[in-house]
Structures are given as C-alpha cells and as structure tokens.
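Trainee: As a plain string of letters, each chain reads:
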Amino acid sequence: MNAINDHDGDVGDERDVRDEGVREDAAVEHVVDRAASDRALEGEAFDCERVEEALRRAAAVLDPLPDALRELAVDAYALYDLDARIAELAFDSLVDALPVRGEADTPRMLTFRAGELTVDVEVTDEGLLGQLLPPQQARIEVLGGPQVGTALTADAMGRFASDAPPAGPFALRLRTGGAVVVTEWLRA
Amino acid sequence: MERADVGALVRSAVDGDGAAWKALVEGLSPLVWSVVRAHRLSDADAHEVYQTVWFRFAQHLGRIREPQKAGSWLASTARHESLKVIRSLSRLVPTDDPQLLDRVSEDGTPEQSLLDAEEAAAESERIRYVWQEFEELGDRCRQLLRVLIASPPPSYQEVSAALGIAVGSIGPLRQRCLRRLRARLDARGAL
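For the protein sequence lines, the chains are A and B, in the order given.
Position one of the first sequence corresponds to residue 648 (my numbering), numbered consecutively onward.
Position one of the second sequence corresponds to residue 549 (my numbering), numbered consecutively onward.
No wet-lab data here; the hints were simulated from the structure.
Note that the coordinates shown come from a computational prediction; the quantities given were computed from them, not determined experimentally.
Quick reminder that beta carbons are idealized off the backbone N, C-alpha and C, glycines included.
Treat the hints with care, as some may be off.
A few chain A residues that face chain B, going by a derived Cβ cut-off under 8 Å, partial list only [what the hints assert, rightly or not]: (1) Y724; (2) L726; (3) R732; (4) I733; (5) L799; (6) P816.
Taking CB as the label site, the calculated pair distances span [unchecked claim]: (7) A735/B with D730/A: 56 to 66 Å; (8) E673/B with R732/A: 54 to 64 Å; (9) A744/A with A670/B: 49 to 59 Å; (10) D739/A with E673/B: 38 to 48 Å.
Covered, in the sense of this in silico footprint (three residues per stretch, anywhere, with C-beta under 8 Å from a C-beta of chain A), are these stretches of chain B [unchecked claim]: (11) 576-583; (12) 604-610; (13) 672-683; (14) 727-737.
Model the full assembly from the supplied sequences, consistent with the hints where possible.
Mentor: Here you go:
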C-alpha cells in the first residue's frame, strides 16, 4: 500500500488504509479509463488531421490561388515607395455613412488625410471628382496597379475630375510642390 | 509561415530585397486568398480584394510596426476589405458560390472517369466529395476551415486576424468542425 502510495507520490495516512485502498482501486480504474480515452482522443486527433489533409488537397485542386494573382502580388513590390507620404483613409461612405433612403446608387465618398492635406474623392459610374484642401494645384496620377496611371491635374482651386471611373483597386499619386502623396489603396 | 521568417523577410524587403518580397508573397498569398474565399466573394471581387490587400501592403511596407506579424496584417486587411465588398453588395453573402459548385461537378462524367487511370479517378472523386461536403458545412465551420487549409498553413494568430475570432477558440472549433466534416464523409463512405 505504502509502496503504491509512494509510487503515486500520495501521502498515505494509517487511519485511512481501507479508504485508501478503495480510492486506489478507483484511481487505477480512472487511469485505465483515461488511457482508453487518451487513445480515443489520439485516434480522433489523427482522424481530424487526416480529414484536414484531405480538405487541403481538395482546396489545392478545386480552389487554388490563380498563378496570375500570385504574379500580381510579386509585381506589387514596385509600389513600395519610402519617399511618398501616405494619405490615409479617414472617411468611407461605404462604412461610415448611413444608407440614404430611396437612393439606390449613391456615389462613394472618400476622404484621405496626410497631415494638413485633405483629399476628398467622389466615385460614381460616370467617373471621379476630387477636391484638395487646402486648395492647391497638383499633378495627379490615378493608379490601378504598379503600372503607369492616368494623368490628371488639380486646378488652382484644388479641383480635379476624370470621366473614367476607377475599376478595381485604385490609388491617387499627387505631386504638390516638392512632395509626393499617395492615397491608401482601396477598391473602388 | 514561421513568424521569425516573416519578420526577417519583411525587414529585408524594406531594405530593397526583391527576393525577400517574393518569398513573402509565396508564403502568405495563399493565406490572403483563403481569407477572401472564406468570405465567399465572387471571382471578380475576390481578385480585386486580393490585389488591393497586396498593393496596400507594399504601400505600408516601410511602416509595418511589427514585421513578424505581417501575416496577421494581411489577413485582417483581407477580412476588412472582404466585409466592405459584402456591405457594398448590400445583401447577405450567398450560401452557395454557383461557379464553385459548377466547377466541382462539371467534369465528373462517367466516360471521363473510365478514360482516367482508375486510381486517379478514385482520388479525384474523393476530392470532389470532400469539397462538396465541406461546402455544405455551416458558415462558421466553412470559414474557419477554408483559412486553416491554406498552404502553407497559417498560425492561429493569423487565423484570428482573418476571421475576427479569439485565438483560444480556434483549436476547439477546429476539432469540432473537422469532426463534423468527418461524420459527413463517413456517412457517405468517402474517406
């Protein structure tokens, strides 16, 4: 009894020898139970791994990342530009505005900010309208990816417009004075 | 992807190492793809969100505060952009992606299976069953498993960022979803 107790690291108490005996039996049973359930769990974990592996293979065949998209991400490195400041998205009507009742096709209103400079943009099916604040002239490029974008100019009032609505991801690269500012990439 | 690797690769890419950038894309683009697919975006939307995420990552590259967490950054950006698309469609996510289901069933003619080697046919059949049963799972399980089966497999941190669920609940949920899928496959005798 003591040997068993020692083995288990339990501190036996002489007064409770009989109780201890009962408890030991229960403990042994418990250990057996646990071993069985451990095996069951291991088996289950194994089965789950197998299912997950099968599913991973299925995804690789039936829903793989298209090669062209992988290449696009590789090419996106060209957009890494430490010298450009980022104008961060400060307002997006898609997220921040309440839907307008009865208006099915409201324009997407976006506001970007880089320090003092604010860029307001409105995207509709007809194109793109923008306003720089404070008002100032700027050369603007509408980017759709790492390639060269469409050139626009903001007039002295800071207004700019394009009759080609951006399709898919877009950003504006603005050159004002000596500074280059790029708006955060967004899906139009 | 190992987080230590990710951190080192991001730092190298920041320093102008194009090969490091390429390695980041190799390691993490399947995760980004799995997140947009988990949100059941159409092919066109999925492609655009995927590109937006990578363009923005390149744009922010020099300013990523915790380079070793770039995977989580990408996953959570993919999640937010996916949710925006869903919102812009101003309807609930469809429960089926018809294109995907078509793709699953289109080349399953018996004639073709006969032409294929028997083993290859059995394997492709099995893959179809597995995918069909997966598609039938509830949204929670389908989303979680779609991200978990990205290859290379994402970390729980990345999965958490991808789906907005607590890291601690991923393990138990994963077991549960896999058990459920296994039960479906067993019932079909497909595993």
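Trainee: When the hints from earlier in the document are held up against this structure, which numbers fail?
Mentor: 3, 5
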